[in-house]
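Number of protein chains: 2
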Amino acid sequence: MRDENQADGSTPLDTMVCFALYSAARATNRRYTTILAPWGLTYPQYLVLVLLWSRPSLSVTAVAENLMLDAGTTSPLIRRLETRGFVKRERSVSDERSVMVSLTDAGLALREELAHVPSCIAEATQLDLTDGKTALSILHDVTRNLSSAPAFAPARGEHPDERHN
Amino acid sequence: MRDENQADGSTPLDTMVCFALYSAARATNRRYTTILAPWGLTYPQYLVLVLLWSRPSLSVTAVAENLMLDAGTTSPLIRRLETRGFVKRERSVSDERSVMVSLTDAGLALREELAHVPSCIAEATQLDLTDGKTALSILHDVTRNLSSAPAFAPARGEHPDERHN
DNA sequence: CGCAGTTGATTTGTGCACAAATCAATTGTG
DNA sequence: CACAATTGATTTGTGCACAAATCAACTGCG
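Those protein sequences? They're chains A and B, same order as listed. Residue 1 is where the first sequence starts when you use my numbering, and the numbers rise one by one after that. Residue 166 is where the second sequence starts when you use my numbering, and the numbers rise one by one after that.
Keep in mind that a hint or two might mislead.
Stated by the list, open to error - Reference excerpt, derived from the structure (chain A facing chain B, CB under 7 Å, subset only):
1) V17
2) T42
3) Y46
4) M68
5) S75
6) I138
7) H140
Said to hold, decoys possible - Quick partial rundown of chain A residues pointing at chain B, CB under 7 Å, derived from the structure:
8) T11
9) A20
10) A25
11) V60
12) A106
13) L108
14) D131
15) A135
16) L146
17) S148
Since the hints were made in silico from the structure, they are not lab data. Note that beta-carbon positions come from the ideal geometry of N, C-alpha and C, so glycine has one too.
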């Protein structure tokens with residue numbers, strides 16, 4: 001008979017860091033995709049381009065690793081970029097299993113055309129440099145811990161009730 | 166001919182807050198869904214349950230608003246929970262357009278069965294209370310700013326190059 | 001009252017996201 | 001060299017996530 005919060009608009013979700021993370025990520029994704037709409041790009045597609053602007057060519061798995069995505073997600077993602085004419089895919093000559101991904105001229109040209117995007121996002125989020133660095137550090141920690149930890153929590157200790165995630 | 170970072174493993178993605186956000190959100194989502202697998206639940210489904218544990222009944226749009234999800238996403242999400250027998254849906258008598266969602270006994274019972282989940286996540290993320298509060302505050306700000314801002318940035322100021330999002 | 005406009009829910013279409021299955025190319029080991 | 005095991009990419013199946021279209025129920029206004 002504790003934590004009932006009927007009348008006001010508050011819910012248990014309001015204090016859960018993971019929900020805040022989930023919401024914020026969807027909000028940024030949405031904003032990016034809106035800004036990128038004139039080019040018919042989505043946020044994940046934009047991230048592939050950002051990556052390729054700094055690398056002459058990468059295999060599909062290398063792209064997946066850098067974006068921390070599953071190979072099964074990356075494969076069709078790159079295919080859609082190829083369909084739009086921004087990247088090209090060609091089998092590696094040294095290893096016929098690998099498919100190397102690289103920018104087309106159109107994909108390279110986007111680097112200039114999309115140069116305004118980061119500042120658009122910065123303006124929309126209103127995140128100052130200090131908070132940005134703090135967030136970056138915490139988020140990197142969280143991602144690293146979640147990626148390295150065992151698949152299932154050993155749960156050695158007990159659960160002292162009321163943790164807010 | 167600037168920011169080339171070939172040899173080492175670093176990429177422009179490493180300093181982008183939005184990418185860190187995107188990665189961390191996917192990592193938490195993945196972890197939750199792994200922990201919830203024995204019950205056949207996903208993270209979004211778990212969030213609906215958390216919400217309903219604090220409310221006797223909510224309309225589909227009310228659930229969507231609380232989770233900040235599109236109605237078109239929420240509708241099938243609730244349907245799947247209904248299929249699994251954790252919630253029930255019934256047309257409101259006062260307004261035949263509304264569908265009220267409420268917990269079944271099985272859904273209510275999950276409140277006890279899943280009581281360990283928050284501490285599992287806390288252990289996996291290794292996020293201490295201070296960083297948790299900091300993250301919560303920053304993420305709420307980001308979400309609020311992205312939600313309230315105009316659909317397209319007016320871009321009144323210029324973009325002083327090298328912003329890291 | 002009657003009807004235009006709104007609201008609530010669902011459906012449709014596209015694009016992630018991930019796990020598991022599949023298959024070809026390559027590597028290691030006897 | 002042969003062949004089992006591994007690696008790289010794709011496919012398949014399920015479940016979000018969102019915008020747009022659809023449709024029924026309700027509301028307001030003349």
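Hint by hint, here is what the structure shows:
Restraint check, A:V17 versus chain B: the minimum CB separation of about 5 Å is within 7 Å; hint holds. The beta carbon of A:T42 is not positioned within 7 Å of any beta carbon in chain B (closest approach about 12 Å), and the interface hint is therefore violated. A distance limit of 7 Å between C-beta atoms decides the matter here; for A:Y46 the minimum to chain B is near 10 Å, and the interface restraint is violated. Interface hint status for A:M68: upheld, as the beta-carbon distance to the closest one in chain B is roughly 5 Å, under 7 Å.
Taking 7 Å as the C-beta cut-off, the interface hint given for A:S75 is violated, the closest approach to chain B being about 17 Å. The closest approach between the C-beta of A:I138 and any C-beta of chain B is roughly 5 Å, which is under the 7 Å cut-off, so the hint is satisfied. A least Cβ separation of about 6 Å between A:H140 and chain B falls short of the 7 Å threshold, and the interface hint therefore holds. Nearest Cβ of chain B to the Cβ of A:T11: about 6 Å, under the 7 Å cut. The hint holds.
Taken as an interface hint, A:A20 checks out: its beta carbon lies about 4 Å from the nearest beta carbon of chain B, inside 7 Å. A least Cβ separation of about 3 Å between A:A25 and chain B falls short of the 7 Å threshold, and the interface hint therefore holds. With a cut of 7 Å, the hint placing A:V60 at the interface with chain B is violated, because the nearest CB-to-CB distance is about 16 Å. Checking A:A106 against chain B by beta carbon gives a least distance of about 20 Å; that is not within 7 Å, so the hint is violated.
With a cut of 7 Å, the hint placing A:L108 at the interface with chain B is violated, because the nearest CB-to-CB distance is about 14 Å. At about 5 Å, the closest approach between the beta carbon of A:D131 and any beta carbon in chain B falls short of 7 Å, and the interface hint on this residue holds. Checking A:A135 against chain B by beta carbon gives a least distance of about 5 Å; that is within 7 Å, so the hint holds. Hint status for A:L146: holds, given a least beta-carbon distance of 4 Å to chain B, under 7 Å.
Of the supplied interface hints, the one on A:S148 is violated, with its beta-carbon coming no nearer than about 10 Å to a beta-carbon of chain B, more than 7 Å.
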